[in-house]
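S.K.: Which chain is which? The protein sequence lines are A and B, in order. For the first sequence, counting from 1, position 88 maps to 91 in the numbering used here; every step adds exactly one. For the second sequence, counting from 1, position 259 maps to 716 in the numbering used here; every step adds exactly one.
It should be emphasised that the hints constitute simulated quantities derived from the structure, not laboratory data. Where is the CB? At the ideal position from N, CA and C, for every residue including glycine. Errors might be hidden in some of the hints.
To be verified - On the chain A side, residues computed to face chain B include the following (Cβ under 10 Å):
| no. | residue |
| --- | --- |
| 1 | T280 |
| 2 | I283 |
| 3 | N287 |
To be verified - Calculated lysine-lysine pairs in the DSSO-like style (CA-CA distance at most 27 Å, straight line):
| no. | chain 1 | residue 1 | chain 2 | residue 2 |
| --- | --- | --- | --- | --- |
| 4 | A | K105 | A | K65 |
| 5 | B | K464 | B | K729 |
| 6 | A | K286 | B | K717 |
| 7 | B | K690 | A | K148 |
| 8 | A | K359 | B | K460 |
| 9 | A | K359 | B | K690 |
| 10 | B | K522 | B | K688 |
| 11 | B | K460 | A | K207 |
| 12 | B | K721 | A | K286 |
This is what each chain is made of:
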Amino acid sequence: KERTALKRVHMGEVAPNERVKSNVEVNTGLTADEAIDEARRCLDCPDPTCITGCPVEINIPKFIKRIELGEFLDAARVLKETSALPAVCGRVCPQEKQCEAKCFYQVKMQKEPVAIGYLERFAADYERESGQISVPEVAAPNGIKVAVIGSGPAGLTFAGDMAKHGYDVTVFEALHQIGGVLKYGIPEFRLPNSIVDVEIDNLKKMGVKFETNFIVGRTATIEDLKEEGFQGFFTGSGAGLPRFMNIPGENYIGILSSNEYLTRVNLMDAANPATDTPIISGKNVAVIGGGNTAMDSVRTAKRLGADRAMIIYRRSMEEMPARVEEIKHAQEEGIEFMTLTNPVEYFADETGRVSKVRVQKMELGEPDASGRRRPVPMEGSEYDIEVDTVVVSVGVSPNPLIPSSLPQLETTRWGTIVVDEEKLQTSIPEMFAGGDIVRGGATVILAMGDGRNAAASMHNYLQDKLNP
Amino acid sequence: MNKIVEKEHFSENVVRLEIEAPRIAKARRAGHFVIVKVGETGERIPLTIAAANPERGTITLVIQKVGVSSRRITDLNVGDELTDLVGPLGEATHIEKVGTVLACGGGVGVAPLLPIVEALKKAGNRVVTILAARTKDLVILEEQIAEYSDEVIIMTDDGSYGKKGLITDGMKEVMEREKVDEAVVIGPAIMMKFAALTTKEYNVPTVASLNTIMVDGTGMCGACRITVGGKTKFVCVDGPEFDAHQVDFDEMLLRLNGYKEIEKGAEQQYLKSKDK
Ligand SMILES: Cc1cc2nc3c(=O)[nH]c(=O)nc-3n(C[C@H](O)[C@H](O)[C@H](O)COP(=O)(O)OP(=O)(O)OC[C@H]3O[C@@H](n4cnc5c(N)ncnc54)[C@H](O)[C@@H]3O)c2cc1C
Ligand SMILES: Cc1cc2nc3c(=O)[nH]c(=O)nc-3n(C[C@H](O)[C@H](O)[C@H](O)COP(=O)(O)OP(=O)(O)OC[C@H]3O[C@@H](n4cnc5c(N)ncnc54)[C@H](O)[C@@H]3O)c2cc1C
Ligand code: SF4
Ligand code: SF4
Ligand code: FES
Ligand SMILES: [Mg+2]
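Based on the provided sequences and hints, a complete structural model is requested.
M.R.: Okay, here's the thing in structure tokens:
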């Protein structure tokens, strides 16, 4: 009983006016005492509904109990039984929609749920900072070569699991850095690169090889790789293709996709004067969209010195797909939210640089296929907003590089790869796929879950095939 | 990896590098390009594969110094390595026997033109090539182009070599004189704009290879986008070659200037740091 009387821990944060001056991580993490106190709240439910909310079914009460006992390294070990990147998921999972939404507190008591995400982050950070990271045991090498296409969370998870089974794993990555969206998309202030790098180092210690600057289908084809002895392939090539709205003026200078904006800042470190990649981040920045990517872009704009950093979103606050925490942080940082507003045209100065966006007010009509109420334009409600930078963040499409180089690979009409739902096997038997290339834009944890399931299936498939 | 095995100066500002890249040398076709980055803090820039030697495992790049990144790479020497090199990128040139092809290269655009001229000739076309430059010293790759051309016409702005005049003057002369089935134009955007207007007068189907600003080169960012026939296209994956009569060159000219001031500052800083 007294457990339920405890109050949910508050995550420490760097003050808004301070944090917008740099890329410092906003959330400061829990202290050991705070973590133990929060762990006490967990009721160790006989039927832990929280687990059903986690896409990879982490044994949540088990790891939380280890924290309560002060056995933090053990807690981290429990996490790693199911999640390859707990320090990442503890930071970026939409917990409020997943595990925490199914917590007994939330469901049965209308109280704030146990802070599962914070605790997960705590255990993972503790392990990393202790310098005693456990490198998972690896089976004796079986000499079978498998290739991973793409180094995002799906590919990294797959690679780790296959290495554990003793396979000879090579990860091929098109960009010059490993990590996929974790590196080029999600900013430092939410997920420091150093945390991702520790996980990559771990994989290297397990024997996983990485080849950057290697585009499968271009630098070498799947056929070439087969000739080099690769027997299994996992495609985790992501949903990297930016969408635009195709409205007049959208190609003026100063209008960028969020992928370009975030890639310049995160992958190329363009805001640092010591690097060669240029970026112009204006004083009046409008970001079009309401997802995580939009929120990351607008908060980046603020950090690059924008006076006005605005979200322009065609639905209302309630429909916004971004994480609740990100919206809250953005509001604290002085981001302006223009909801029920949609751009219809851009105007430029004589040099071709965008100077104004014409927007139209929207109202919510009948629910559409996604169940959300469809925004309907209000005639005659147009007005102009002065801008010098616009970041278009209205979604991404699947990366076409792999499908276009493999005509026999079955895809949907949206360009995602078709897989068997359980095995994650594609129409090419030795190729498995997962993450955003299968799901369209989804989440880190779903991509990791796919990587894990695909590894189990490919292991079975290859063992059956090679040792009949 | 990516070691420079040969370096040659075509002129003060144009350098040829031969670089170890066995996989790219094997996989590339005419029209393909690579993305190169020099140094950990370097910028990713696109450069056309001017030639490749699969046996030797090398590719050749011809680079004109125009700013900090092109200077960084041309300041490397034999034995140095490129930090990052990825490719081959873009759609390969569509090569077919069509009859007579007018190939037009302006400035350093002659480098990307070379593999196309070679492929067109090998496919059985009659190839008339026009090389244009401001002045004699800037005419590059004349010998290599001549090897695969039935005729080479040189045009210089100041008349110091070949004929005096603009590339479009040379093009008109050829199109007046004989039936041209197709034209290929590669060079500065402004040259391609006027070359395309010229071939349009003569109803000659024309391909231009666009050199927009790029970041990833894999279709991920949209920095390279451009309007072709009223539709937005990504030059790195849909191109770099397009129907020149459909390209909005005015938009392209504006977009190329998007970072001009920062770029000039970065170049000055680099030149100063070299002086020290
Ligand atoms: C800005 C931003 C913020 C986000 N925030 C969150 C968040 O807070 N929480 C959350 O859960 N999710 C978030 N997401 C979504 C999440 O990042 C993705 O769902 C996840 O990264 C998908 O993982 P993946 O492994 O499928 O692919 P990706 O992470 O996209 O990685 C794919 C990799 O494959 C490489 N590649 C592609 N083709 C080839 C090829 N032919 N050869 C070699 N390499 C190739 C790409 O270069 C890329 O590095 C966010 C996404 C973005 C863009
Ligand atoms: C498909 C393609 C093939 C190319 N092939 C060659 C080649 O074979 N030889 C060659 O000398 N040049 C080539 N270029 C042009 C070359 O990429 C640019 O000259 C180079 O990027 C300039 O960088 P910088 O830092 O030296 O100059 P900057 O001072 O930064 O820029 C000078 C000008 O170059 C253009 N530019 C700047 N950054 C980029 C970028 N990231 N990508 C593309 N253009 C940019 C802009 O118009 C800019 O104003 C090619 C471009 C493309 C798109
Ligand atoms: S991985 Fe994500 S959903 Fe699963 S327990 Fe951790 S924070 Fe919750
Ligand atoms: S549902 Fe909540 S209280 Fe119950 S075990 Fe899970 S985290 Fe603990
Ligand atoms: S360079 Fe990024 S999409 Fe073409
Ligand atoms: Mg530059």
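S.K.: Quick check on the hint: A:T280 CB to chain B CB, less than 10 Å?
M.R.: holds, 5 Å
S.K.: Please verify whether A:K286 and B:K717 have alpha carbons no more than 27 Å apart.
M.R.: Distance ~18 Å between A:K286 and B:K717 Cα, so the pair holds.
S.K.: Given the hint that B:K721 pairs with A:K286, does the C-alpha gap stay at or below 27 Å?
M.R.: holds, 21 Å
S.K.: When you check the alpha-carbon spacing of B:K690 and A:K148, does it fall within 27 Å?
M.R.: Violated, at about 38 Å.
S.K.: Just to be careful: measuring from the Cβ of A:I283 to every Cβ in chain B, is the smallest value less than 10 Å?
M.R.: holds, 7 Å
S.K.: Holds or violated: are the alpha carbons of A:K359 and B:K690 at most 27 Å from each other?
M.R.: holds, 23 Å
S.K.: Is the straight-line distance between the alpha-carbon of B:K464 and that of B:K729 27 Å or less?
M.R.: holds, 24 Å
S.K.: Need the status of pair B:K522, B:K688: alpha-carbon distance at most 27 Å?
M.R.: violated, 32 Å
S.K.: Let me know if the C-beta of A:N287 comes in closer than 10 Å to any C-beta of chain B, holds or violated.
M.R.: violated, 17 Å
S.K.: Quickly compare the C-alpha distance for B:K460 and A:K207 to 27 Å and report which way the hint goes.
M.R.: Holds - the C-alpha atoms of A:K207 and B:K460 are around 25 Å apart, at most 27 Å.
S.K.: Are A:K359 and B:K460 close enough, with their CA atoms no more than 27 Å apart?
M.R.: Answer violated: A:K359 to B:K460 is near 47 Å, above 27 Å.
S.K.: So if I understand the rule, the pair passes when the alpha-carbon distance is 27 Å or less; does A:K105 with A:K65 pass?
M.R.: holds, 16 Å
Consistency with the previously given hints fails for numbers 3, 7, 8, 10, ordered from lowest to highest.
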